[in-house]
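Could you put together the complete structure from these sequences and hints?
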Amino acid sequence: MKRKGLFITIRSIVSKIPKGKVVTYGDIARVLGLRNSRIVGWALRGNQDPNIPCHRVVKKNGFLAENFSLGTWKEQKRLLKAEKVKFIKKNQVDLNKHYWQIT
DNA sequence: AAAGTGACGCATT
DNA sequence: TAATGCGCCACTT
1 MKRKGLFITI
11 RSIVSKIPKG
21 KVVTYGDIAR
31 VLGLRNSRIV
41 GWALRGNQDP
51 NIPCHRVVKK
61 NGFLAENFSL
71 GTWKEQKRLL
81 KAEKVKFIKK
91 NQVDLNKHYW
101 QIT
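Numbering of the first sequence is given in the working numbering, commencing with residue 1 and proceeding in unit increments.
Hints were generated in silico from the structure; no laboratory data involved.
Careful, some of the hints might be misleading.
Unchecked claim - Ranges of calculated distance between the beta carbons of each label pair, as one might list FRET restraints:
#	residue 1	residue 2	range
1	Lys90	Ile8	31 to 37 Å
2	Thr72	Gly5	27 to 33 Å
3	Leu6	Lys90	28 to 34 Å
4	Arg30	Phe63	17 to 23 Å
5	Asn61	Lys16	21 to 27 Å
6	Asn51	Lys84	19 to 25 Å
What the hints assert, rightly or not - Below 25 Å or equal to it, Euclidean Cα-Cα: the simulated DSS-like pairs (lysine-lysine) are:
#	residue 1	residue 2
7	Lys4	Lys89
8	Lys16	Lys60
9	Lys4	Lys81
10	Lys86	Lys60
11	Lys77	Lys97
12	Lys21	Lys97
13	Lys86	Lys59
14	Lys16	Lys81
15	Lys90	Lys59
16	Lys19	Lys60
17	Lys74	Lys90
By construction, the Cβ of each residue, glycine as well, lies at the ideal position given by its N, Cα and C atoms.
In C-alpha cells:
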C-alpha cells in the first residue's frame, strides 16, 4: 500500500473510537469524503497494528465483517464482548447501545 | 495501460 | 426475503 496518507487518516479515526463503541465503514468513508466504503475495509485489512481497534468497525446494520484480519468474525466478536458490547445476534452488535457517531 | 479484486452500501429484481 | 448488479477508490498483476 503506497497511499499511507489515507491509511493514516483512517487509523487516526479508528484509534479514537471509545472502548465499548462501534462505528460503521460507511461513516468513516463519509468523513473522509469517500463514497466508497470498501476503501475503509481495504485500509484496515492491511493493518495488523494492535494499537488500532479495528474490531470496533462493523457494517452498516451492525453486522460483523466476515473477513477479519486476525481470523473471522468470531475473533472480532470475542474482542467486542470483552468490552461489554451487547450482541443482538451472534454476528450482529447492538448499534443502538454502542454506536459512536464520528464528529 | 487495462482488467481484476475487495473488512461496503444501496437500488433493483 | 433473498439474490444480483453496480458505483466507487485504491491496490495488484
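Consistency of the hints with the structure:
Distance hint check: the CB atoms of lysine 90 and isoleucine 8 are about 34 Å apart, consistent with the given range 31 to 37 Å. Between threonine 72 and glycine 5 the beta carbons are some 30 Å apart, a value that agrees with the proposed interval 27 to 33 Å. Checked against the given bound of 28 to 34 Å, the beta carbons of leucine 6 and lysine 90, roughly 32 Å apart, stay inside it. The supplied range of 17 to 23 Å is met by arginine 30 and phenylalanine 63, whose beta-carbon atoms lie about 18 Å from each other.
In this structure the hint that asparagine 61 and lysine 16 lie 21 to 27 Å apart at CB holds, the actual value being about 22 Å. Checked against the given bound of 19 to 25 Å, the beta carbons of asparagine 51 and lysine 84, roughly 21 Å apart, stay inside it. For the hint linking lysine 4 to lysine 89, the alpha-carbon distance of about 35 Å lies beyond 25 Å, and the restraint is violated. A distance of roughly 19 Å separates the Cα atoms of lysine 16 and lysine 60; the hinted pair therefore holds under the 25 Å criterion.
A threshold of 25 Å between alpha carbons decides the hint, and for lysine 4 with lysine 81 the separation of about 31 Å lies outside it, so the pair is violated. Between lysine 86 and lysine 60 the CA atoms are separated by roughly 16 Å; this keeps the pair inside 25 Å, and the hint holds. Of the pairs offered as hints, the one joining lysine 77 and lysine 97 holds, with about 16 Å between alpha carbons and a cut-off of 25 Å not exceeded. Using a Cα cut-off of 25 Å, the hinted pair lysine 21 and lysine 97 holds, with the two alpha carbons roughly 8 Å apart.
Simply put, lysine 86 and lysine 59 have alpha-carbon atoms about 15 Å apart, close enough for the 25 Å limit, and the pair holds. Restraint check for lysine 16 and lysine 81: the C-alpha separation of about 19 Å stays at or below 25 Å, so the hint holds. For the suggested pair lysine 90 and lysine 59, the alpha carbons sit about 14 Å apart, so the restraint of at most 25 Å is met. Of the pairs offered as hints, the one joining lysine 19 and lysine 60 holds, with about 19 Å between alpha carbons and a cut-off of 25 Å not exceeded.
Using a Cα cut-off of 25 Å, the hinted pair lysine 74 and lysine 90 holds, with the two alpha carbons roughly 9 Å apart.
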